[in-house]
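Residue-level listing of the chains:
There are 2 protein chains.
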Amino acid sequence: MIRIYNAKILTMKEDEKPFDGELWINGTQISYVGKSIPREAAKQKWERQIDAKGNLIMPGFKNAHTHSAMTFLRSHADDLPLLQWLNEQVFPYEAKLTPEDIYHLSKLAIMEYLTSGITANCDMYLTPDTIAQASLDCGYRTVITGALNDFSQSLEEIEKWYRIYNQKDSLVHFQLGFHAEYTNRRENLMGMAELAQKYHAPVYTHNSEGKPEVKQCLEKTGMTPTAYMDSLGIFNYGGSFYHCVHMTEDDLDIVKKRKISVVTNPASNLKLASGIAPITEMMKKDICLAIGTDGPASNNCLDMFREMFLVTALAKYKEDDASAVDAKDVLKMAVVGGARAMNLTDCDVLDIGKQADLIMIDLQQPNMQPIHNLEKNLVYSGSKQNVKMTMTAGKILYENGEFFIGTAPEEVYQKAAEISKRILQEA
Amino acid sequence: MIRIYNAKILTMKEDEKPFDGELWINGTQISYVGKSIPREAAKQKWERQIDAKGNLIMPGFKNAHTHSAMTFLRSHADDLPLLQWLNEQVFPYEAKLTPEDIYHLSKLAIMEYLTSGITANCDMYLTPDTIAQASLDCGYRTVITGALNDFSQSLEEIEKWYRIYNQKDSLVHFQLGFHAEYTNRRENLMGMAELAQKYHAPVYTHNSEGKPEVKQCLEKTGMTPTAYMDSLGIFNYGGSFYHCVHMTEDDLDIVKKRKISVVTNPASNLKLASGIAPITEMMKKDICLAIGTDGPASNNCLDMFREMFLVTALAKYKEDDASAVDAKDVLKMAVVGGARAMNLTDCDVLDIGKQADLIMIDLQQPNMQPIHNLEKNLVYSGSKQNVKMTMTAGKILYENGEFFIGTAPEEVYQKAAEISKRILQEA
Numbered sequence: 005m006i007r008i009y010n011a012k013i014l015t016m017k018e019d020e021k022p023f024d025g026e027l028w029i030n031g032t033q034i035s036y037v038g039k040s041i042p043r044e045a046a047k048q049k050w051e052r053q054i055d056a057k058g059n060l061i062m063p064g065f066k067n068a069h070t071h072s073a074m075t076f077l078r079s080h081a082d083d084l085p086l087l088q089w090l091n092e093q094v095f096p097y098e099a100k101l102t103p104e105d106i107y108h109l110s111k112l113a114i115m116e117y118l119t120s121g122i123t124a125n126c127d128m129y130l131t132p133d134t135i136a137q138a139s140l141d142c143g144y145r146t147v148i149t150g151a152l153n154d155f156s157q158s159l160e161e162i163e164k165w166y167r168i169y170n171q172k173d174s175l176v177h178f179q180l181g182f183h184a185e186y187t188n189r190r191e192n193l194m195g196m197a198e199l200a201q202k203y204h205a206p207v208y209t210h211n212s213e214g215k216p217e218v219k220q221c222l223e224k225t226g227m228t229p230t231a232y233m234d235s236l237g238i239f240n241y242g243g244s245f246y247h248c249v250h251m252t253e254d255d256l257d258i259v260k261k262r263k264i265s266v267v268t269n270p271a272s273n274l275k276l277a278s279g280i281a282p283i284t285e286m287m288k289k290d291i292c293l294a295i296g297t298d299g300p301a302s303n304n305c306l307d308m309f310r311e312m313f314l315v316t317a318l319a320k321y322k323e324d325d326a327s328a329v330d331a332k333d334v335l336k337m338a339v340v341g342g343a344r345a346m347n348l349t350d351c352d353v354l355d356i357g358k359q360a361d362l363i364m365i366d367l368q369q370p371n372m373q374p375i376h377n378l379e380k381n382l383v384y385s386g387s388k389q390n391v392k393m394t395m396t397a398g399k400i401l402y403e404n405g406e407f408f409i410g411t412a413p414e415e416v417y418q419k420a421a422e423i424s425k426r427i428l429q430e431a
Numbered sequence: 005m006i007r008i009y010n011a012k013i014l015t016m017k018e019d020e021k022p023f024d025g026e027l028w029i030n031g032t033q034i035s036y037v038g039k040s041i042p043r044e045a046a047k048q049k050w051e052r053q054i055d056a057k058g059n060l061i062m063p064g065f066k067n068a069h070t071h072s073a074m075t076f077l078r079s080h081a082d083d084l085p086l087l088q089w090l091n092e093q094v095f096p097y098e099a100k101l102t103p104e105d106i107y108h109l110s111k112l113a114i115m116e117y118l119t120s121g122i123t124a125n126c127d128m129y130l131t132p133d134t135i136a137q138a139s140l141d142c143g144y145r146t147v148i149t150g151a152l153n154d155f156s157q158s159l160e161e162i163e164k165w166y167r168i169y170n171q172k173d174s175l176v177h178f179q180l181g182f183h184a185e186y187t188n189r190r191e192n193l194m195g196m197a198e199l200a201q202k203y204h205a206p207v208y209t210h211n212s213e214g215k216p217e218v219k220q221c222l223e224k225t226g227m228t229p230t231a232y233m234d235s236l237g238i239f240n241y242g243g244s245f246y247h248c249v250h251m252t253e254d255d256l257d258i259v260k261k262r263k264i265s266v267v268t269n270p271a272s273n274l275k276l277a278s279g280i281a282p283i284t285e286m287m288k289k290d291i292c293l294a295i296g297t298d299g300p301a302s303n304n305c306l307d308m309f310r311e312m313f314l315v316t317a318l319a320k321y322k323e324d325d326a327s328a329v330d331a332k333d334v335l336k337m338a339v340v341g342g343a344r345a346m347n348l349t350d351c352d353v354l355d356i357g358k359q360a361d362l363i364m365i366d367l368q369q370p371n372m373q374p375i376h377n378l379e380k381n382l383v384y385s386g387s388k389q390n391v392k393m394t395m396t397a398g399k400i401l402y403e404n405g406e407f408f409i410g411t412a413p414e415e416v417y418q419k420a421a422e423i424s425k426r427i428l429q430e431a
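Chains as they are written, first to last, in my numbering: chain A, 5 to 431; chain B, 5 to 431.
FYI, nobody ran anything at the bench for these hints, they're computed from the structure.
Quantities reported herein were computed from a predicted structural model and do not represent experimental measurements.
Heads up, a few of these hints could be off.
No copy labels: a pair is met if it fits in one copy or bridges any two.
Computed cross-link-like contacts, BS3-like style, restricted to lysine-lysine with a CA-CA straight-line distance of at most 30 Å [as the list claims (entries may be wrong)]:
1. Lys332 to Lys261
2. Lys215 to Lys322
3. Lys419 to Lys21
4. Lys219 to Lys57
5. Lys322 to Lys288
6. Lys425 to Lys332
7. Lys21 to Lys425
8. Lys419 to Lys332
9. Lys39 to Lys419
10. Lys219 to Lys322
11. Lys12 to Lys336
12. Lys57 to Lys12
13. Lys57 to Lys425
I would like the entire structure built from these sequences, with the hints used as guidance.
And the structure:
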């Protein structure tokens, strides 16, 4: 058992304010969270007792949309419009990746998530088996989604993965998913709808990221991507839409009706000149919102603090209203909304019986002082530099700048450099 | 003498690429920068030799517009439009600040600059004497500008400070400045023009930050703020304009003609819903650009990495062009452009005889791997977490998370908390 005491605790339970107290971890789960109980603590046998020194303990952030293994393209394929970037810089290079490459490149991303207090990611990428292996070897929590498109993965494979990777108590889960409407022929989409129906399962996909994609779909089907995909019955059991930059009022009503989560990716949407998602309108419709970094080729960093600031700052700009989207709402998206979007019900808040997916935030740093409002400090001035510790499923994977993922960082960097070099030379 | 060896070096001299080498510091100045010369190094007596372990050495960032001591309002006065924020939340609280308060609050900001690799700041705030003292006590470089407005500071005081704080070889300089067109009666502005003429000096001010301010000036004078201020002859010797979000083509021509630097403040402009500055147009006109965080009440963090990403990401969004504003140009703004805007000619690049204002960036972190392109890594995925060391004028002020500023961090946090509490209770 691990005890973290002398902490400021933000459970993220609805309307619960930060309080001073302690938290116990038994195996993978939280066994106590509340006021300080030193007498009871003295009776226990502890593997480790951590003095938080007044720093903040809160649930880890959930990166609800990413393509982890794209680390190999970081700072290589920049400064191009979305479709050109995909077709000229991303797809040709990706075709050269081996499953083993994806294993190593995913590990590099997991390390970066840990530095940003992200305790779980939702990963859409090519080879679920090696993505899963990377997460399991690191002790990290990952929801992998299908990435079906006309050139890779098949409905049969997706069904197989769905059956393999949905065991209870595993760190890795798999959800049905396809890359996007514009990269799949109608048969694929209909097949996806059948799978969703068969398993009563949510489905994950990119949607309405750039204007050209919406225009093409309107020309092809007479419907927006949202309306077209919905007309095929794909989202009868919910799921997640990534991006949702260019949505009509009717689109948002479909999202709400189908209980689909929207995962917003503000940094990527700026960098690829896709636009700014209508977060305020989504909030008015009470749509479940989550935040993702998108992949490291389009962002280029995997940092929830940057995304959180952008969610509110861009909404303020877009609505011409400096009071738009409160910091509390942003934190909720990054933590509870992310867990919900990823279909993870046991690591959303700090509570007894929940998974111990949590982080320690260093408040004794100049950017966190003075402490008028913890939530605003986190969203408006928080930074990776404040992440002192990241724990997934009761295991400390990152602490005071050191990684505990079973591999030396230098080895991961070395592998990533070798893979990048090989692929860019081959291409 | 200090020697930093085994480094990757980015001098920021025009068109010079990063190279492997070493750098020597003698007193406050750089005495060697170039390829590794271990034999010559062996002949010297070193106070300290630092193995950079392949990490990056580059000139420090320059925060070309800020109000440091506003740290006391961080996360207190959020989520309000610019003028309401100024009139209801900022001005009444500021009126309660003592010069000593400003001393302590400025120190808190300096600590945050150090964590973000910022080696000098351009500070517009109320009491230059205690701002100067804070910087001198920390060993930090600050250009203070006048903040003349109808309620505080006088032309006489500004002239006095200009004469006191412009000694050669000092860490602290003072430049003529006023808060903004809309907070000064015409007599003030005309007095400022006379001072500029008398000393052949540049002048610093906020300009065209929000739409209402431009509209008011047009109604009052028939001219934009830029045209109106220029018509009074204030900028005959250049200076800096802060923000410049709402500028006409003619305004930009005046800026170019008067050799005025534009200091852009992207995070603040989003958070206060002021807008996005036309950076691409300014670049086309070859206007000198620099970057500022603005004060911690409007940003709320003092982080050059966030600002750098925003400069390019927002330009990409604004221009609907993912290739707008290359990372190299952004770095140039944050370093060389900042120095130029602040009238600092001796700490812009790494070169023999220049001031040793430099930083070490940790490349052995997941967000910096793989290294395809150092400049893009810095701008697109760099973070405070990568700042291993910050040196101003040859003195290490921050290294591996520790501060060397003559005061314990806890003492600075304590003071800031006390001051905030007192002021918010009084108000």
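Here is how each hint holds up against the structure:
| no. | hint | in the structure |
| --- | --- | --- |
| 1 | Lys332 to Lys261 | within (25 Å within a copy, 46 Å between copies) |
| 2 | Lys215 to Lys322 | both (17 Å within a copy, 15 Å between copies) |
| 3 | Lys419 to Lys21 | between (44 Å within a copy, 25 Å between copies) |
| 4 | Lys219 to Lys57 | neither (55 Å within a copy, 51 Å between copies) |
| 5 | Lys322 to Lys288 | both (15 Å within a copy, 26 Å between copies) |
| 6 | Lys425 to Lys332 | between (43 Å within a copy, 23 Å between copies) |
| 7 | Lys21 to Lys425 | between (49 Å within a copy, 20 Å between copies) |
| 8 | Lys419 to Lys332 | between (39 Å within a copy, 27 Å between copies) |
| 9 | Lys39 to Lys419 | between (45 Å within a copy, 28 Å between copies) |
| 10 | Lys219 to Lys322 | both (22 Å within a copy, 20 Å between copies) |
| 11 | Lys12 to Lys336 | within (18 Å within a copy, 41 Å between copies) |
| 12 | Lys57 to Lys12 | within (9 Å within a copy, 37 Å between copies) |
| 13 | Lys57 to Lys425 | between (44 Å within a copy, 22 Å between copies) |
The structure fails hint 4 only (numbered hints given earlier).
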